[in-house]
Amino acid sequence: MPRTNGPGMDKDDKKSRRQAQLLSYLEKNHYVSIEEITTLYGVTTQTARRDIMALEQDGKVRRLHGGATISTPVEPSVLRQRRVDNAAQKEKIGRLAAELIPDGAAVFIDTGTTCEAVARALIGRRDLRVVTYSLRVATTLSESTNFAIAVPGGFVRQVDGGVFREETSDYIRRFKFDVAVISVSGVDHDGDIGDDDHAEVAAVSAAMGQAGRTIMAVDSSKFGRRALVRLGSLCDIHTLVTDTLPEERLLNKLRDSGVEIRV
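The opening position of the sequence shown corresponds to residue 1 in my numbering, with each subsequent residue numbered one higher.
Derived from the structure by calculation, the hints contain no laboratory data. Just so we're clear, the structure is a prediction, and the values are computed from it rather than from any experiment. You may find that some hints are simply not true.
Below 16 Å or equal to it, Euclidean Cα-Cα: the simulated EDC-like pairs (lysine to aspartate or glutamate) are [as the list claims (entries may be wrong)]: (1) 92 <-> 243; (2) 60 <-> 27; (3) 60 <-> 166; (4) 28 <-> 196.
Sequences are here, hints too, so could you generate the full structure?
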């Protein structure tokens with residue numbers, strides 16, 4: 001007969017309750033470090049890592065260096081809406097950004113609909129070497145070009161085809177880029193740029209650190225918006241490609257930061 005109680009069952013119940021509490025914490029706070037887990041739940045570092053791995057295998061969280069983030073910190077309905085918002089402007093932005101990328105360049109391309117538009121506009125280029133964690137970008141280019149394309153392994157976020165795992169940032173750091181093409185969820189009035197996902201910020205930050213030039217491609221709806229996770233400041237951007245100039249306060253921030261603006 002199977003056991004229905006006893007030390008083994010108590011241990012399993014305790015683990016299940018702890019992991020449920022950890023998931024609830026992540027849903028509210030979006031990120032937790034290994035150290036926080038050990039303090040909050042009185043467990044060892046090894047137990048904290050095992051809990052994260054178990055939740056990752058269930059598709060509920062994504063591991064990052066030193067901790068974990070919620071698998072989908074933004075509601076899927078919000079992400080789906082972003083896919084259709086300002087579609088015509090994004091296509092124009094994509095074409096303008098692509099004009100800044102020469103044949104033969106080593107390029108990082110971020111995830112998201114604007115960067116997908118950039119990828120479509122790059123189809124006419126020659127001999128590009130592309131690294132991306134967006135399956136949509138990789139598929140677009142692989143079906144229509146002979147570019148060398150590199151994609152990290154990991155879990156796929158279905159709503160936008162982003163690929164994430166703990167080692168994604170390390171993978172990206174293996175490369176050197178002539179250009180990094182990024183998009184963000186917000187450019188606030190303080191001149192900070194950011195996204196709503198820790199894993200995306202970690203991946204993009206790694207790419208920017210390896211790039212000779214960073215092009216930020218965003219439509220004007222992102223201006224004045226404060227994102228959840230800070231990626232950096234306008235000083236980290238070389239060129240902004242957008243559809244409409246921002247209001248004066250942010251425009252002055254861009255100019256003070258030495259950002260080239262293309263509209």
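Against the structure, the hints come out as follows:
With a C-alpha separation of about 8 Å, the suggested pairing of residue 92 with residue 243 holds against the 16 Å cut-off. Distance restraint check for residue 60 and residue 27: the Cα-Cα separation of roughly 10 Å lies within the 16 Å cut-off, and the hinted pair is therefore satisfied. A threshold of 16 Å between alpha carbons decides the hint, and for residue 60 with residue 166 the separation of about 14 Å falls inside it, so the pair holds. Our distance criterion of 16 Å between C-alpha atoms is met by residue 28 and residue 196, whose separation comes to about 13 Å.
In summary, this structure violates none of the numbered hints.
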